[in-house]
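Protein chains: 2
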Amino acid sequence: MAEYARLLRVALGEEPADLVIRNVNLLNVVTRDVYPVTIGICEDTIAYVTTLDDQRVFSTQTIDGTGMWAAPGLIDSHMHVESTHATPEYFASAVVPHGVTTVAQDPHEMANVLGVEGVTYMRDAGIGLPLRILTFVSTCVPAVPGLETSGAVFEEGEVAGLLKDKDTLGLAEVMDYWGVIRQSPRISKIVQEGIRSGKIITGHIRGLGGRELNTYLAAGVDSDHEVLSPEGILYRSRLGMTVEICCSHHRDNIPQAVESWKQRGHLENVVFVTDDVPPHELILEGHLDRGVRRAIQLGMSPVDAVRAATYAPARRLRRYDLGQIAPGKIADILLISDIDHFTIDQVIVAGRVAARQGVMLENPIAQVPVPVASQNSVHLPPLTAQDFALNAPGSSVTANILTQRGRGNLVQKEFAVSAGEVVWDSAPALALASVWHRHGLNSNHSFVLLAGTGLHEGALATTYAHDSHNLVVLGRSAEDMAVAARALIACGGGYATARDGKITALVELPVAGILAEEPVTVLGPKFAAFIAAAQELGVSENPIGLLTSLPLPVVPNYRPTDLGLVDVNAQTLIPAFVFQK
Amino acid sequence: MAEYARLLRVALGEEPADLVIRNVNLLNVVTRDVYPVTIGICEDTIAYVTTLDDQRVFSTQTIDGTGMWAAPGLIDSHMHVESTHATPEYFASAVVPHGVTTVAQDPHEMANVLGVEGVTYMRDAGIGLPLRILTFVSTCVPAVPGLETSGAVFEEGEVAGLLKDKDTLGLAEVMDYWGVIRQSPRISKIVQEGIRSGKIITGHIRGLGGRELNTYLAAGVDSDHEVLSPEGILYRSRLGMTVEICCSHHRDNIPQAVESWKQRGHLENVVFVTDDVPPHELILEGHLDRGVRRAIQLGMSPVDAVRAATYAPARRLRRYDLGQIAPGKIADILLISDIDHFTIDQVIVAGRVAARQGVMLENPIAQVPVPVASQNSVHLPPLTAQDFALNAPGSSVTANILTQRGRGNLVQKEFAVSAGEVVWDSAPALALASVWHRHGLNSNHSFVLLAGTGLHEGALATTYAHDSHNLVVLGRSAEDMAVAARALIACGGGYATARDGKITALVELPVAGILAEEPVTVLGPKFAAFIAAAQELGVSENPIGLLTSLPLPVVPNYRPTDLGLVDVNAQTLIPAFVFQK
Numbered sequence: 154m155a156e157y158a159r160l161l162r163v164a165l166g167e168e169p170a171d172l173v174i175r176n177v178n179l180l181n182v183v184t185r186d187v188y189p190v191t192i193g194i195c196e197d198t199i200a201y202v203t204t205l206d207d208q209r210v211f212s213t214q215t216i217d218g219t220g221m222w223a224a225p226g227l228i229d230s231h232m233h234v235e236s237t238h239a240t241p242e243y244f245a246s247a248v249v250p251h252g253v254t255t256v257a258q259d260p261h262e263m264a265n266v267l268g269v270e271g272v273t274y275m276r277d278a279g280i281g282l283p284l285r286i287l288t289f290v291s292t293c294v295p296a297v298p299g300l301e302t303s304g305a306v307f308e309e310g311e312v313a314g315l316l317k318d319k320d321t322l323g324l325a326e327v328m329d330y331w332g333v334i335r336q337s338p339r340i341s342k343i344v345q346e347g348i349r350s351g352k353i354i355t356g357h358i359r360g361l362g363g364r365e366l367n368t369y370l371a372a373g374v375d376s377d378h379e380v381l382s383p384e385g386i387l388y389r390s391r392l393g394m395t396v397e398i399c400c401s402h403h404r405d406n407i408p409q410a411v412e413s414w415k416q417r418g419h420l421e422n423v424v425f426v427t428d429d430v431p432p433h434e435l436i437l438e439g440h441l442d443r444g445v446r447r448a449i450q451l452g453m454s455p456v457d458a459v460r461a462a463t464y465a466p467a468r469r470l471r472r473y474d475l476g477q478i479a480p481g482k483i484a485d486i487l488l489i490s491d492i493d494h495f496t497i498d499q500v501i502v503a504g505r506v507a508a509r510q511g512v513m514l515e516n517p518i519a520q521v522p523v524p525v526a527s528q529n530s531v532h533l534p535p536l537t538a539q540d541f542a543l544n545a546p547g548s549s550v551t552a553n554i555l556t557q558r559g560r561g562n563l564v565q566k567e568f569a570v571s572a573g574e575v576v577w578d579s580a581p582a583l584a585l586a587s588v589w590h591r592h593g594l595n596s597n598h599s600f601v602l603l604a605g606t607g608l609h610e611g612a613l614a615t616t617y618a619h620d621s622h623n624l625v626v627l628g629r630s631a632e633d634m635a636v637a638a639r640a641l642i643a644c645g646g647g648y649a650t651a652r653d654g655k656i657t658a659l660v661e662l663p664v665a666g667i668l669a670e671e672p673v674t675v676l677g678p679k680f681a682a683f684i685a686a687a688q689e690l691g692v693s694e695n696p697i698g699l700l701t702s703l704p705l706p707v708v709p710n711y712r713p714t715d716l717g718l719v720d721v722n723a724q725t726l727i728p729a730f731v732f733q734k
Numbered sequence: 154m155a156e157y158a159r160l161l162r163v164a165l166g167e168e169p170a171d172l173v174i175r176n177v178n179l180l181n182v183v184t185r186d187v188y189p190v191t192i193g194i195c196e197d198t199i200a201y202v203t204t205l206d207d208q209r210v211f212s213t214q215t216i217d218g219t220g221m222w223a224a225p226g227l228i229d230s231h232m233h234v235e236s237t238h239a240t241p242e243y244f245a246s247a248v249v250p251h252g253v254t255t256v257a258q259d260p261h262e263m264a265n266v267l268g269v270e271g272v273t274y275m276r277d278a279g280i281g282l283p284l285r286i287l288t289f290v291s292t293c294v295p296a297v298p299g300l301e302t303s304g305a306v307f308e309e310g311e312v313a314g315l316l317k318d319k320d321t322l323g324l325a326e327v328m329d330y331w332g333v334i335r336q337s338p339r340i341s342k343i344v345q346e347g348i349r350s351g352k353i354i355t356g357h358i359r360g361l362g363g364r365e366l367n368t369y370l371a372a373g374v375d376s377d378h379e380v381l382s383p384e385g386i387l388y389r390s391r392l393g394m395t396v397e398i399c400c401s402h403h404r405d406n407i408p409q410a411v412e413s414w415k416q417r418g419h420l421e422n423v424v425f426v427t428d429d430v431p432p433h434e435l436i437l438e439g440h441l442d443r444g445v446r447r448a449i450q451l452g453m454s455p456v457d458a459v460r461a462a463t464y465a466p467a468r469r470l471r472r473y474d475l476g477q478i479a480p481g482k483i484a485d486i487l488l489i490s491d492i493d494h495f496t497i498d499q500v501i502v503a504g505r506v507a508a509r510q511g512v513m514l515e516n517p518i519a520q521v522p523v524p525v526a527s528q529n530s531v532h533l534p535p536l537t538a539q540d541f542a543l544n545a546p547g548s549s550v551t552a553n554i555l556t557q558r559g560r561g562n563l564v565q566k567e568f569a570v571s572a573g574e575v576v577w578d579s580a581p582a583l584a585l586a587s588v589w590h591r592h593g594l595n596s597n598h599s600f601v602l603l604a605g606t607g608l609h610e611g612a613l614a615t616t617y618a619h620d621s622h623n624l625v626v627l628g629r630s631a632e633d634m635a636v637a638a639r640a641l642i643a644c645g646g647g648y649a650t651a652r653d654g655k656i657t658a659l660v661e662l663p664v665a666g667i668l669a670e671e672p673v674t675v676l677g678p679k680f681a682a683f684i685a686a687a688q689e690l691g692v693s694e695n696p697i698g699l700l701t702s703l704p705l706p707v708v709p710n711y712r713p714t715d716l717g718l719v720d721v722n723a724q725t726l727i728p729a730f731v732f733q734k
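Order-wise, the sequence lines are chains A and B.
First residue of the first sequence? That's 154 in our numbering, and the numbers climb one at a time after it.
First residue of the second sequence? That's 154 in our numbering, and the numbers climb one at a time after it.
Don't take every hint at face value.
No copy is singled out in the list; a pair is fine if it fits within one copy or between any two copies.
Claimed, not checked - Under the rule of at most 25 Å between Cα atoms (straight-line distance), these lysine to aspartate or glutamate pairs were calculated in the DMTMM-like manner:
(1) K352 to E156
(2) K655 to E610
(3) K342 to E671
(4) K352 to E421
(5) K566 to D578
(6) K566 to E365
(7) K342 to E168
(8) K734 to E661
(9) K655 to D540
(10) K317 to D578
(11) K342 to D197
(12) K655 to E632
(13) K319 to E270
(14) K566 to E308
(15) K566 to E694
(16) K352 to E196
(17) K342 to D474
(18) K342 to E156
(19) K566 to D540
(20) K734 to E574
(21) K566 to E610
(22) K342 to E196
(23) K342 to E167
(24) K342 to E270
(25) K317 to E156
I should point out that these hints are in silico values taken from the structure, not numbers from a laboratory.
Construct all of the structure, not just a fragment, from the sequences and the given hints.
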């Protein structure tokens, strides 16, 4: 905070401000109106917001705001920074030009690989940047214990320890909602640690309503970002929830939010969040600014769209010093040159101009050393084609095939066995998925057949697969699957495609198999190349979404993990193959 | 909080609720709509809010809510409980039937008399009642040091100590706003202790705007209850303030709030508060319910009127467990039989029916022993008529007479001196006011002449006079002034009137000269009798307001304290009398 005595003298007009923005149209996100003001800043704090004819405006630096709008800096109250695959420092350089000045992260990808050390690295690397990175304590590490094997497990002890850190915000998305409702001991204890801490407890539900949702709320969890309709927004708001509207390219619920806004005229406790933003999307479409821009384009008033990405999340995060341009608040301010297109001209973070016309001024930012353990996190031997052979103990096999883009439903199909191997690759619509525990705790791996992926040749693989981040390999050929897997094992993780025995695309993510110490502008094209290579192999949906959400056992209906095939709704393992002797 | 495992089982419908309210019209203060629901309660917590056709509703006790409305319990975020002159236990019995379930008190009257012990007594007496009394830390004890002498002085040490108590909410109204703006060391240090604590810092300003108000906000104070117009509400809201709308009978800003609501369609961060409610007003007109009722009668939608007295103050107090009827929230619920008249049928506090049709069920509440020091707090000898003689060292005197109902302006008038005394009582429109330090620290007393009070004979006196609670005596006759003063000195404080040498009304307030261990229903008629007696003496305005606000040196323009006549705007002492030799 600014030096107190000086701040007051600047506010009173006895001393010049460090920065004045003159004659700018203030988007007042509390009173929801727009009017011209002059803003005086002392160090990192707004000293005054005054009328244009105020004679007591002095400054060492002045920005003429004529014809521009001033909005508070954008606040993303739910994001996994790891989804950009950049370390926090490079992440900051990428998002600040998009007007994002505060991000509340859930570092649960790093937590699943490295445990507490993963969380503390992400927290520490977020300190001192020209971006305010706040940290929730990951709760579901892994998402559902017993149904997958991650690199680390959080019990209530790990969570309580991290909650004691005064800078942590509370519990990150409690995804094991069935565990909460049915009172499974581990997650119940974790949620009760959250209650004891008095901090925020955030949620994640999918398709939950009625008394089950009431129970989740009674348990103390009170937000959700899996809302898919205006009715869902109203329903959750009525029950006292904070409704998080995902606004990334691959997960865009802004239309539903705008529809709800049109129906009700005002959205209380509705916040825009990004959740996950892959690097190529960040480059092409932006970050949280994308949500604001899209809401305005769909007809929401600019001040209300901005409110949902500033004041509303600030209140949610209980940060009364953020989210509004008013005296005493932290000077995170966007200058907008075109309000209809939400074109951001300048980004002021804590009183300093950090980005101008999309360009970060302080770049590159000094790096924080990554944990040693993260540098060699893929604990697997070089896999061979034989490791991807679907061995069969019997004469024939009935497989539970995942259909509807791979995960929605099961169909049963019988396959012949030849020379001890299931002959599945003669069915051209199928692909083999294999999930390998990669954290060195055991040698678990599993197989399941997928229909409807579009893959017709080659293989693709990643070490970034929610939430345990085991090695996921999808392929038509055991040889190519081994090639893709070996490439990732060799480089410490990332994404790869292979065809005809050769790597066709490779994104190296050596930090925990998740992050790279590279700018998002470098990562983005690499991801685009990976996607193009996967599409060349025939993948008909987003190959990143296909791979990374495949083993997530909290998204209905069926998911393969390193332990086998999970019935998500029943939260049990079921056989992927039934062999006939 | 309810036992966790059981709460969840009740929420899920696996176990009967302790109390169900069936088929009631829910006033949803978040989504601002009204619709029928059934509410299930487990111990002190709302377990579920469900649709009427939910088959999983079981309970050991059911209230049929048909034809009624359910609202959250009312929350008063700024009140001096002492203004009712009842100890907290009797206060609770008086306000719960009016639908008030939470009060955030500033015990600064007791603090001015007894110091930290006064605050801790009020805090402790507020624990365990069927009313949630929360406590702010008084900041201006006295209001303006150097201009008055109270019984105790709070420096930053006292305030910091009380802030460390995890149950205190933050800083109570920082009335010394000029001290804040001009950076007087004492109040600056106190406000900075508030900032360090991370707690709420509440304000009190009168007639402040522009850069001075900006400075007050930059200093960290962000609320005000001295707002007198719709424009003032908008102005403060735009600057990020919480606007507290006083809604008592003697201080009714509800019309301005309703006008603002009509202009803007919604009020964000606007809360109804009572500030002060004397006992006779509480009996006749109610407490915070008066504000809601009046707002509805003036045309505000019931759900928005209720919101301003429930959800809005809960958010202000950062109490996320209060202010809304939703699963997981504390079960403070009002059942309203007539929404247009806001007729409260039943009051449920923490899951238990505490009052029904205006009658407290648990009555009287067990009392907390009052501090020993409070029982003998009027440290003055029996005063005589000679003590109220206006002695003059010269031959004539020019007096600064307070006009405009006693306090607004000064006029100068010359008086003759006879036998060493100023001959002032021949001017029938004048009254003599005398303020006596009564806390035993010195023998300060002062005199000033008032015009326009209407008093034509006798005297009235009190030991409850903001904020130092010195003895204030107002009279036409030195003899009657002495009689009234002696009566209060003898009984430990209160209110008295005297005429022709005899007491005509006496309200005994033996606890610190401020409170009585009596029900408000007993105190109310005594206050009414005091008012009637004062009016018989000719007092033309509210005699309680006249006496109690007379020495408050933060209300413009001129106020007498025990030290003499204060120019409030200049914050200096000026002579009440100029003697000519």
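Status of the hints after comparison with the structure:
{"no.": "1", "hint": "K352 to E156", "verdict": "between (29 Å within a copy, 19 Å between copies)"}
{"no.": "2", "hint": "K655 to E610", "verdict": "within (12 Å within a copy, 109 Å between copies)"}
{"no.": "3", "hint": "K342 to E671", "verdict": "neither (38 Å within a copy, 47 Å between copies)"}
{"no.": "4", "hint": "K352 to E421", "verdict": "both (21 Å within a copy, 24 Å between copies)"}
{"no.": "5", "hint": "K566 to D578", "verdict": "within (13 Å within a copy, 111 Å between copies)"}
{"no.": "6", "hint": "K566 to E365", "verdict": "neither (35 Å within a copy, 78 Å between copies)"}
{"no.": "7", "hint": "K342 to E168", "verdict": "between (53 Å within a copy, 21 Å between copies)"}
{"no.": "8", "hint": "K734 to E661", "verdict": "neither (43 Å within a copy, 98 Å between copies)"}
{"no.": "9", "hint": "K655 to D540", "verdict": "within (17 Å within a copy, 108 Å between copies)"}
{"no.": "10", "hint": "K317 to D578", "verdict": "neither (53 Å within a copy, 69 Å between copies)"}
{"no.": "11", "hint": "K342 to D197", "verdict": "between (40 Å within a copy, 21 Å between copies)"}
{"no.": "12", "hint": "K655 to E632", "verdict": "within (10 Å within a copy, 111 Å between copies)"}
{"no.": "13", "hint": "K319 to E270", "verdict": "within (17 Å within a copy, 31 Å between copies)"}
{"no.": "14", "hint": "K566 to E308", "verdict": "neither (40 Å within a copy, 81 Å between copies)"}
{"no.": "15", "hint": "K566 to E694", "verdict": "within (24 Å within a copy, 93 Å between copies)"}
{"no.": "16", "hint": "K352 to E196", "verdict": "between (29 Å within a copy, 23 Å between copies)"}
{"no.": "17", "hint": "K342 to D474", "verdict": "between (32 Å within a copy, 20 Å between copies)"}
{"no.": "18", "hint": "K342 to E156", "verdict": "between (42 Å within a copy, 13 Å between copies)"}
{"no.": "19", "hint": "K566 to D540", "verdict": "within (23 Å within a copy, 108 Å between copies)"}
{"no.": "20", "hint": "K734 to E574", "verdict": "within (13 Å within a copy, 123 Å between copies)"}
{"no.": "21", "hint": "K566 to E610", "verdict": "within (21 Å within a copy, 106 Å between copies)"}
{"no.": "22", "hint": "K342 to E196", "verdict": "between (43 Å within a copy, 21 Å between copies)"}
{"no.": "23", "hint": "K342 to E167", "verdict": "between (54 Å within a copy, 20 Å between copies)"}
{"no.": "24", "hint": "K342 to E270", "verdict": "within (21 Å within a copy, 39 Å between copies)"}
{"no.": "25", "hint": "K317 to E156", "verdict": "between (28 Å within a copy, 23 Å between copies)"}
Checked against the numbered hints given earlier, this structure breaks hints 3, 6, 8, 10, 14; the rest are met.
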